Each structure stands twice: as structure tokens, then as C-alpha cells.
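Trainee: With chain V held as given, fit chains G and X onto it using these hints.
Protein sequence lines, in the order shown, are assigned to chains V, G and X. Residue numbers for the first sequence, in the numbering used here: 1341 to 1604. Residue numbers for the second sequence, in the numbering used here: 1341 to 1604. Residue numbers for the third sequence, in the numbering used here: 1341 to 1604.
Think of the hints as simulated: they come from the structure by calculation, not from any bench. Computed from a predicted structure; not experimentally measured. There's no promise every hint is true.
[What the hints assert, rightly or not] Where chain V lies over chain G, by a calculated footprint (3+ residues, C-beta under 8 Å):
1) 1355-1362
2) 1370-1383
[Claimed, not checked] Partial pick of chain V residues on the chain X-facing surface, computed with a CB cut under 7 Å:
3) Gly1355
4) Thr1356
5) Glu1357
6) Asp1358
7) Gly1359
8) Tyr1360
9) Gly1362
10) Lys1365
11) Gly1366
12) Val1367
13) Leu1369
14) Pro1386
15) Pro1415
16) Thr1467
17) Phe1468
[Claimed, not checked] List time: in silico PhoX-like cross-link candidates among lysine-lysine, alpha-carbon distance up to 25 Å:
18) G:Lys1346 to V:Lys1346
19) V:Lys1557 to G:Lys1422
20) V:Lys1557 to V:Lys1601
Note that CB positions come from ideal geometry on N, CA and C, so glycine has one too.
Below are the chains, spelled out letter by letter.
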Amino acid sequence: MKMNSKNVTLLTDFGTEDGYVGAIKGVLLSGMPDVRISDISHRIQPFNIRQAAFALLNYYADFPAGTVHLLIIDPGVGTSRKGIIVRTNRHYFICPDNGVLSYVLEREVFEAFRIKEKLFGESISPTFHGRDIFAPAAIKILSGEAIDTFAEKTADLISFYRHFEKISETELRLQIAHVDHFGNLILNFTREDWEKMGEPENVKIQLEHGFLHGIRKTFGSTGVKELVTTWDSCGFLQIAQNKGNAAQMLQKKVGDQLILKIGK
Amino acid sequence: MKMNSKNVTLLTDFGTEDGYVGAIKGVLLSGMPDVRISDISHRIQPFNIRQAAFALLNYYADFPAGTVHLLIIDPGVGTSRKGIIVRTNRHYFICPDNGVLSYVLEREVFEAFRIKEKLFGESISPTFHGRDIFAPAAIKILSGEAIDTFAEKTADLISFYRHFEKISETELRLQIAHVDHFGNLILNFTREDWEKMGEPENVKIQLEHGFLHGIRKTFGSTGVKELVTTWDSCGFLQIAQNKGNAAQMLQKKVGDQLILKIGK
Amino acid sequence: MKMNSKNVTLLTDFGTEDGYVGAIKGVLLSGMPDVRISDISHRIQPFNIRQAAFALLNYYADFPAGTVHLLIIDPGVGTSRKGIIVRTNRHYFICPDNGVLSYVLEREVFEAFRIKEKLFGESISPTFHGRDIFAPAAIKILSGEAIDTFAEKTADLISFYRHFEKISETELRLQIAHVDHFGNLILNFTREDWEKMGEPENVKIQLEHGFLHGIRKTFGSTGVKELVTTWDSCGFLQIAQNKGNAAQMLQKKVGDQLILKIGK
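Chain V with its partners taken away, still in its complex shape (with noise of 0.2 Å):
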């Protein structure tokens, strides 16, 4: 498929009290003067690779087809872990080899290329290669040069995706993926998950001290200051506290597990 954009996405740990992202969008402009750049985030927490790859998940499909998906969250810079670039129907990505891109791996077709990091030149900053290497890399894409030139094909992503578990019939072992910026917490099942098994009503999340029952439409389905739990706007299960911060009221944090029960 012949994917023409200018379109690059910037998602990075770098800050924004430092001028690392502006070096980042020099060598863009540098490269191609008509680079279209759209910053997503430069305020993941330090080396929080999780945190990354579910704010991917919420942007990425929503850019133009050939658009390329830059994510700089990288504490193993200088060392042996891979650059690569995947390829899906749509988009590209690139990155190091961490696990960012494993939700969208687990929903798209995809060709995975490890960047050849020599290519790049010798003056190369072991401590930078969102500069020298990844930047670089996205003006090749877009400019139209044939991956394989400066890549080759890998396969064995690291990836951390994890699947909810099957506690019995009635009981699944849900999973906290993420905690958004207004404390939602967003668990690892998916309304297609619940479409499978039939679309129970009943459903209901065990708390402290009671359990969250049914899905609801919105926030607003609930007085204000009520916890609710409802599909998030990627079609995930998530817990929100209306006009509050359930995260807060909870005291839950990523990686926590939580008990779904269908039926009464």
C-alpha cells in the first residue's frame, strides 16, 4: 500500500523543561522543511513504558493513513536493545524495542524492521538516539526511501500485553492497565472482550467494601462524586469517579487486580 504524509506524532518522557524535544523537531524541520508535527506528550513519567504504550492506544488510529508514530521512552539507550520500526496497514511506528508498542501489536497486522544504528553515522551520542537515530529514521520514511535500506526485518518484540484471567464461568481477574489523568482506572477488558461472552448485564466489580455494578453510558449516569464504571473512549472498562478522581478515592494504582463477577 502507497502511504504519502507528512504527518509525525512525538510521544516522549523527555519533559519540557529541557531543550531535547526541540532538538527533536530541528532535525524534522531540518529534514524535510514541510514535516507536519504534532506533539501527543513529552510528560510520561521517567522510563514509564506502560504508561506510553495506553496513551498510544488512544491517538494513533485517529492520524492519516502513512503518518509515523515516534516514541521516545528510552532508558536503555547506548545499550543492546533493538531501534526498530513497525510497519502496520496504516501507520508506522518508531522506537526502541521496549514493549511501547504492545497493545497496538496485539490488535494489527504488522512487519517489524531493526534499524541498522551504524547507518546513522559515526558522531552518533550514545545518549540520544531520539536525535541521531529515531528522528533521522522517520525523515527516510517519509521521504519515501525504502525501509529495508537502513533496516532489516526482526521478529520476538518485547511486549507485555497481558490478557485477563479466567478465575471460573463467573469470575475474571481483571488487571488496572492504566490510570488516566483525571484517576480513571482503565482495566485490561474490552467491550469486544464482553461482546464474546454474550453481553452479560449483570455484571459487577468487587470493592473494598461492596461491589460497582453494571456498565453505564457516562459519567453523568451517576451522582456526582459516585464511582460508575463505563466503556472508556477506546472500548475499555474503566472506573470513574463522576466529577472526582477514582484513582484518588480508591487509592488504585496501575498493575493492582480487581474481581469481575456476571451474573447475581
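Mentor: Relative to chain V, chains G and X alone:
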């Protein structure tokens, strides 16, 4: 009036640790490849409509004619709150009807429309109208679609605009309308209000331990760490601490009241 | 030299909870519809010129020739501090004369101009020169207006650049010039300084409880949570903690001094 523009501004409380801002950008770029997106802020405090309303006042008028201002602070998403489009003689504003336009409505002649949400498809996430309704509505406007094909005239918009209170000929009760990033206290009293009163030279604001006299030209008109009253960059009266943070120094916050006295 | 560009970069301490950044963008887009604005950071700590100066060093050279770098950290706004334009052989810098160009001036051949503020109109807010003077000056430059029509040559720019101190042939007193988002401690000693000294292999930095030996290639050259000395991406010596935060671990901050010893 004909208003051609490719400009969209984005003001949200989405934070930048998630991919929600990215989803909006992806939808805009997919709908109009040469759209020009200006990030204003994604760090409005969650659900803090007053903060967003004041921020908007700082920038909207500086943008080119035809700009669409997207304002997505939406604690009521999925409830019966209206999604609206407001058109002034230079700009468009798309937002939930929640008061975020309070200052704009006070200053501009405008027409208001209620978005017909059902026209935006069946698959709308009831928790993410920003992506599924407001961003597509922005594209329709920038593409020249007539607003009345997807929205209907409305009135009675929510506004929390509050004029200062006149206690007597020589005493006004002002309110802190906004506290900015530098801790400047911005009051609901404008240079225009002051001109209508005949530009009195002898004004003073009552603080805990005395009065703050006069209206100075700039922060540096006083000593370092001293308090000073000036007109802010939008023409509002503000109390600042020279190279300091007045809100912290005075322990004041949005909504607090202060007395302005005129004459000796 | 002819330098054509539509690029402006923005580095400010405005934060992103207000509309101040938006006002600058609106002025730029109104003045030049196809200007290309790159956000670098708006989260420089209020009035922290040293932090901004270091951030600038990280990105300016990566941008295309002709780029205008707007640097608005301006505690002295409205006082007699100069507004300046600095032209190097590739870039323009517009800022208050406050030291933010310290590192650039050290590295580049340049010409400096003082902006004639009065040419920018009568209605200038004395608290927002970013919007009312610096952004319009950027547009003039990008539009090809001759700088000497709105600015006059100047000299004696403020700089706080500080060379390391040579205590003896084998001992240098270094200073922490910057602490980045990851807590890396960046010292005022460059790879170039080291090359001039004959690239000594045996170097060590004195810490509270011992020495940190050698200069490694990358963070991952040591164990997780171990300290390591490397060259940063701009060629400065830095102390990092592998997958950790060296500033927190060592309780060090900008301005603190460290002794570098050469030889065994």
C-alpha cells in the same frame, strides 16, 4: 462576513500524560490535511471552567479571522448539557455550554448554535465528545459547511460573568477572577471601567495590613519582592509581586474579595 | 548570507495554564499565515534564565537556517532592560538582554541589535512585550525586513557564562551548570576542553564518599541505579544515575561545585 482560515486552537483539561489530545489532533488532521493546530493549554485544572474562561480571554482576539477555538473542559460529557458553536464577527468557538465563554460573550456580538449530536454518528463514545463531535464540527466549519446543517440556533448560554459591586461612590467590592501562572491576582475591574469613572488617580486596595496605592505602569515600578498594582495584558486590574508570587504572599485565591477605595 | 525560513521556536516561562502562549501564537499567525511555530518549552521555571539558557543550547543548532528563536523569560519586562536581536551566521535570537544567550554567545560569531521599542506602537502593554514587541519583531525578520529599520546595533550583552577553574595541573573546580528533567547533573566542562588537555583517561570526580571514575560511553555502561559519568548530547560532562535521578541521589543542584582530578 467571509472568514477563511485553516486555524484551530486547542484548550483542554486533558493533561498531557494520556493520548486524548493526540486523538483530537489525529481527527483534525484526518479531516483536513492542511489544518493548522495551535496548542494553547492542556493543563487547565480538571473541570476548572473559570480558569479556562480566563485563559481564553488572553489569546482569542490575537488569532486570524476565521479561527476555530476548540475549548474542551467537559465534566458533563454524555449528560444533557448542550454542545454549542458560537460565531462572532471574527471567530468561531466550539465547546460544551458550561460558562467557558463567559468573558467572550460579555465582549462580543455573537450568534449561538446547538450542535445536533445525533448527526455525528451512532458510534459516538459518550465519554469523548471532543474527539467524536467537537473536532469533526471544527472541520465542518473550516471546510465551509453551513453551520445550520449540523446545528440549530440556541440562546440562554451559561455565563458566570460577574461585574464588580459598587458599595458607594468611593468603594467597590472586587473579586479575584483569576490567578495566573506567576501568582498574579487578576481582578474583575478593567481599564475601561476605570475610564468610565473618570480615571481617578487616587485608588487604593485594602489588604490585611494596610493599603496598596495607585496603579503603576509595570512590575518593575516597585522594589524587588514588593507588591504592585498594574493593568494586565488584557486590561484587567492585577496585583503582582515584583519577581515574586502575589497569590502565595497574600494567601489569596480565585473568588476572594477585595475592597478598592477611590480618593484619599 | 540569505536565510529563508518560516520557522519560529518558542521558549518561555509562561506555563500552560494561562493563555499567554496562545497570544504569542495568535500574533505570529496573524502576521504570517504560513509561519511554522515549534513549541520548545513553556515550563521553564518562572524567571529561571539559566535553565532557559541551557535548554536553548540543546536545540538551536538543529533547526534550519533562518529560524527565529523567541526566548521570553522576562522578569524585567517594562523596566529599562534592552530587548535584543542577535544574528549568527545561521539563526536569529529575539529576547530580553538577560543572559539567556550566554551559551550561544560563547559558541557563535554574532551581531547584536537593540530593538527600538517605540516603533512598535503606543498601545504596548508594559507587561507583555512577548506579544507586543518580540513576536512582531520575529514576523518582521521572517518577512525579510532589514533589522536596522527597527533595531540599532548594540554591544555589551549580559552573559553569565562561566569557565571551569583550574586549581592545578591535576585538579579542576567544576560547577553544575544544569540539572535536567532526568536529574542528570551537567557540568561546565566539555569534550572540547578535555581534548585540549590531551584526552586524559584517568579522570575522577570527588563525591561525598569517594570518587566516580572515568568517562563512560553511555548510562547503561554501569549497573542499574549506579552512578556514571558520560558526555551529554551537547558534549558536556554529566553525572547520571542509570535508570535513576542523580540530582536526588546526590542532593546536588545548579551552582554546586565538584572537583575533577586527573591522573591516578
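Trainee: Answer holds if the nearest beta-carbon of chain X is closer than 7 Å to that of Gly1355 (chain V); otherwise answer violated.
Mentor: 3 Å, holds
Trainee: Given Gly1359 (chain V) was flagged as interface, is its beta-carbon under 7 Å from a beta-carbon of chain X?
Mentor: At about 3 Å, which falls below the 7 Å cut-off, the nearest Cβ of chain X leaves the hint on Gly1359 (chain V) intact, so it holds.
Trainee: Minimum Cβ distance from Asp1358 (chain V) to chain X below 7 Å?
Mentor: Result: holds, 5 Å to nearest chain X Cβ.
Trainee: Classify the hint on Gly1362 (chain V) as holds or violated, based on whether any CB of chain X lies nearer than 7 Å to its CB.
Mentor: 3 Å, holds
Trainee: Answer holds if the nearest beta-carbon of chain X is closer than 7 Å to that of Tyr1360 (chain V); otherwise answer violated.
Mentor: 6 Å, holds
Trainee: According to a criterion of three or more residues whose C-beta lies within less than 8 Å of a C-beta of chain V, is the stretch 1370-1383 of chain G covered?
Mentor: holds (count 4)
Trainee: Does Lys1601 (chain V) sit within 25 Å of Lys1557 (chain V), going by the straight-line distance between their CA atoms?
Mentor: 19 Å, holds
Trainee: Would the hint on Glu1357 (chain V) stand, with a C-beta cut-off of 7 Å toward chain X?
Mentor: 5 Å, holds
Trainee: Any CB of chain X closer than 7 Å to the CB of Gly1366 (chain V)?
Mentor: Holds. Min distance 3 Å.
Trainee: Given a cut of 7 Å on the nearest C-beta pair, is the interface hint for Val1367 (chain V) held or broken against chain X?
Mentor: Hint on Val1367 (chain V): holds, closest Cβ of chain X at ~5 Å, below 7 Å.
Trainee: Against chain X, with CB atoms and a cut of 7 Å, does the hint on Pro1386 (chain V) hold up?
Mentor: 6 Å, holds
Trainee: Is the hinted pair Lys1346 (chain G) and Lys1346 (chain V) satisfied, with a Cα-Cα distance of at most 25 Å?
Mentor: Between Lys1346 (chain G) and Lys1346 (chain V) the Cα gap is close to 17 Å, so the pair holds against 25 Å.
Violated hints for the displayed structure: none, as all numbered hints are satisfied.
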